[in-house]
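Q: Input sequences plus hints: build the corresponding full structure.
Protein chains: 2
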Amino acid sequence: MSIKPWKIIQSKYLLQDQWLTLRADTCLTAEGIELDPFYIFEKRDWAHVMVFDTEGRVLIVRQYRHGSKTICAELPCGVIDDSDTSPLDAAKRELLEETGCMAEDYVPVKPVYTNPARQTNWVHCFVAYNARKVAEPNLDVSENIESEFVSLEALFGLIDDGEFSQSLHISSVYQVLRKIGKLNLEEITRF
Amino acid sequence: MSIKPWKIIQSKYLLQDQWLTLRADTCLTAEGIELDPFYIFEKRDWAHVMVFDTEGRVLIVRQYRHGSKTICAELPCGVIDDSDTSPLDAAKRELLEETGCMAEDYVPVKPVYTNPARQTNWVHCFVAYNARKVAEPNLDVSENIESEFVSLEALFGLIDDGEFSQSLHISSVYQVLRKIGKLNLEEITRF
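In order, the protein sequences belong to chains E and U. In this text, residue positions in the first sequence follow my numbering: the first is 5, and each later residue adds one. In this text, residue positions in the second sequence follow my numbering: the first is 5, and each later residue adds one.
Honestly, the hints are just simulated from the structure, not real lab data. Check before you lean on any hint, since a few could be wrong.
For chains that are exact copies, the list does not tell them apart, and a pair is met inside one copy or across any two.
As the list claims (entries may be wrong) - Derived BS3-like pairs (lysine-lysine); straight-line CA-CA distance at most 30 Å: (1) K114 with K186; (2) K8 with K47; (3) K8 with K137; (4) K183 with K114; (5) K114 with K47; (6) K114 with K137; (7) K47 with K16; (8) K186 with K137; (9) K8 with K114; (10) K47 with K73; (11) K137 with K183; (12) K11 with K114; (13) K73 with K8; (14) K73 with K183; (15) K11 with K47; (16) K183 with K47; (17) K11 with K73.
A: See the structure below:
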């Protein structure tokens, strides 16, 4: 393969606060082309969690998202922060905080990039079972999150009607379904 | 549902050039909490395209991605720009520019958000058939892109080994496979 990484000639931070770290790199491609500025967002990794209850229903959350200015249905998720000892720890914490639920038998799905062109971070997704409510949600003052258990059929209905419409979460749903053997790869890949 | 959109009290642009539009909003939640700043990235929509050749193989591209600092395998994709009359037009243009290929019988998949929490844009994905090389790629000076037709089995191998690891593209692959009837939803949703 003739594709080579770029070299960073210079790098500076344009904005760095608790919400955003924006870096402007001056890059040199292997072909000798200078790119200036090339913006990169240094971000903490995110955790997604897809939990099933004993009836095979999936726990989803709904909240206002200000980029789209819509109410979005998603998997429980959040930023992996300094207090988390691992991505799994973050997934369990976000699940409990956002929904008041706990689950069992966590299995990790392979991490994926959020957007490797401009962002540095990964999504760590987990699947778990026997989800049940054990407490009231413990939300940040800025959060208003409602949760609901829905059947897989209903979840695909939400994807199809655009209510569950964030591609990162759609990716996680399918990757989990494949991980737990719900997608027949042999059938899929037959031509 | 008791979830209400936020009000924008004030809005200013911190950075606005050909690569990035960064807005800082002062928001008021329905519960009366002020969020300042809440950063939003105003972005143009993106187009993805999953094309099959006559042997059922999928066309993928590989390029260096500076956020992850790795060579990533992806679907052909790009920004929908002012010269494009439609998302489909952009998908065809990017396919031709990046790979030198054309295809037929384009079918759209439902658009999804890239990241509705912080970004304003959508991914418009298309599936098409009878892909064939008609020209040499026509790349920007900063681009070095290699393309290859791979079987669906090989594509899932690339997803599993982390080479095809961008969640937005993984979402598009599965959504296309569902659109064209390769995923048996009845089987998936059976509990």
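Q: The structure should be examined with respect to each hint, and the outcome stated for every one.
A: Consistency of the hints with the structure:
1. K114 with K186: both (16 Å within a copy, 22 Å between copies)
2. K8 with K47: Both: 24 Å inside a copy, 27 Å across copies.
3. K8 with K137: For K8 and K137, only the inter-copy Cα distance (24 Å) is at most 30 Å; the intra-copy one is 50 Å.
4. K183 with K114: both (9 Å within a copy, 24 Å between copies)
5. K114 with K47: both (19 Å within a copy, 28 Å between copies)
6. K114 with K137: within (27 Å within a copy, 33 Å between copies)
7. K47 with K16: both (16 Å within a copy, 22 Å between copies)
8. K186 with K137: within (25 Å within a copy, 36 Å between copies)
9. K8 with K114: This pair counts as within: shortest intra-copy Cα distance 25 Å, inter-copy 34 Å.
10. K47 with K73: For K47 and K73, both the intra-copy (22 Å) and inter-copy (14 Å) Cα distances are at most 30 Å.
11. K137 with K183: Cα proximity of K137 and K183: one copy only (25 Å, versus 35 Å across).
12. K11 with K114: Within. Shortest intra-copy distance 28 Å satisfies the 30 Å Cα cut-off; inter-copy 38 Å does not.
13. K73 with K8: between (39 Å within a copy, 10 Å between copies)
14. K73 with K183: between (32 Å within a copy, 27 Å between copies)
15. K11 with K47: Close inside one copy (21 Å) and across copies (26 Å); limit 30 Å.
16. K183 with K47: within (26 Å within a copy, 33 Å between copies)
17. K11 with K73: Cα proximity of K11 and K73: across copies only (10 Å, versus 38 Å in one copy).
Violated hints are absent here; each numbered hint is respected by the structure.
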